[in-house]
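*Asks:* As a plain string of letters, each chain reads:
2 protein chains.
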Amino acid sequence: MHKVYYGYETFLADTKQLTKKIEWEFDAIIAIARGGLSLAHLLGEYYDLRAVYSINTIGYDDTQKLDSVKVFNPPQLQDARSVLIVDDIVDSGDTLVEVLKVLGEAYPHVTFKTASLFYKKSAKIAPNWYVKEAEAWIEFFWVEDIKRKT
Amino acid sequence: MHKVYYGYETFLADTKQLTKKIEWEFDAIIAIARGGLSLAHLLGEYYDLRAVYSINTIGYDDTQKLDSVKVFNPPQLQDARSVLIVDDIVDSGDTLVEVLKVLGEAYPHVTFKTASLFYKKSAKIAPNWYVKEAEAWIEFFWVEDIKRKT
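Protein chains in written order, with the working numbering: chain U, 1 to 150; chain A, 1 to 150.
Where hints are given, some of them may not hold.
[What the hints assert, rightly or not] Simulated pairs of lysine-lysine, DSS-like, Cα-Cα distance not exceeding 27 Å:
| hint | chain 1 | residue 1 | chain 2 | residue 2 |
| --- | --- | --- | --- | --- |
| 1 | A | K132 | A | K16 |
| 2 | A | K113 | U | K149 |
| 3 | A | K113 | U | K147 |
| 4 | U | K147 | A | K132 |
[As the list claims (entries may be wrong)] Covered by chain U, according to a simulated footprint, are these stretches of chain A (three or more residues, beta-carbon under 8 Å):
| hint | region |
| --- | --- |
| 5 | 25–34 |
| 6 | 38–47 |
| 7 | 73–84 |
[Said to hold, decoys possible] If you want a taste of the chain A side facing chain U, the calculated C-beta under 7 Å gives, among others:
| hint | residue |
| --- | --- |
| 8 | Y8 |
| 9 | L12 |
| 10 | V52 |
| 11 | S54 |
| 12 | W142 |
| 13 | V143 |
| 14 | D145 |
| 15 | I146 |
In case anyone wonders, no lab produced these hints; they're calculated from the structure. Quick caveat, the model's predicted, so the values are computed rather than measured. For each residue, glycine too, the CB sits at the ideal point set by N, CA and C.
In isolation and in its complexed conformation, chain U is listed as follows (with noise of 0.2 Å):
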């Protein structure tokens, strides 16, 4: 699969593209950790929301199971109504899909709505809202540039 560059102004390009993709109020950003928080952070500001939280997820082979993911700092949800969970990427969507799960059953009383910036059309669970659709290798500039020398 080739590799294709995802610099810093391209996912300032995309997240405006999807501020206008979601037609939806909500009152607080759920970022799944880590490709997520970069996207929170500018779309909490964008929408002057302070209710921007995160949520860790580790994905672990099992012998039973293969593919699992376990779920764990989830935020306090007491007093939201309408929540946007976001990550850079819905891939193969297991992350997504327990997620939501975990979420769901611990406030059922939320609506929760997901948008990322890359969606892959193999994914089990599609968001609500993406941007692209992802058909290479994406180096999302968060994991390229920090590590470059110069």
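Keeping the supplied structure of chain U fixed, place chain A upon it in accordance with the hints.
*Replies:* Here is chain A on its own, set in the frame of chain U:
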């Protein structure tokens, strides 16, 4: 107070600078949301740490005690030993003092250290590591860029 725009490229260079200053090994990073989210994202990638968490604060005026800060959504740190807390700027220091207090009481077995991009000399607490002294009002790119029309 004059304003200084703080763009992505400067942020990237400063974050690299910060990694050169931090001579300490840690097993988790906590971003103080929202300001610390992008910094924590890059640092998590740089140190190859999946344990990148966030914590939330609200500042409020109280008739009894001005400039109170309430801390919520602390991450689970049972398995952590050394944790780096990051924020974009240590301004009054109120937020950092309160975050350290809450986390220190909840996790007395953990060593917490702190890092920020900017630090104001008048703050009541200095981070362990910082890159620049703030002598102007910093217009961070994550605030400015996403709101710009074009």
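*Asks:* Would you mind marking each hint as holding or not holding in the structure?
*Replies:* Right, here's what the structure says about each hint:
1. K132/A / K16/A: 13 Å, holds
2. K113/A / K149/U: 26 Å, holds
3. K113/A / K147/U: 23 Å, holds
4. K147/U / K132/A: The given pair, whose Cα atoms are some 21 Å apart, holds under the 27 Å limit.
5. 25–34: holds (count 3)
6. 38–47: With 8 residues close enough to chain U, the hint holds.
7. 73–84: With 3 residues close enough to chain U, the hint holds.
8. Y8: 5 Å, holds
9. L12: 5 Å, holds
10. V52: 5 Å, holds
11. S54: 4 Å, holds
12. W142: 5 Å, holds
13. V143: 5 Å, holds
14. D145: Given a least distance of 5 Å, the restraint on D145/A holds.
15. I146: OK, holds: I146/A within 7 Å of chain U, min 5 Å.
When the structure is compared with the earlier hints, no violation turns up for any of them.
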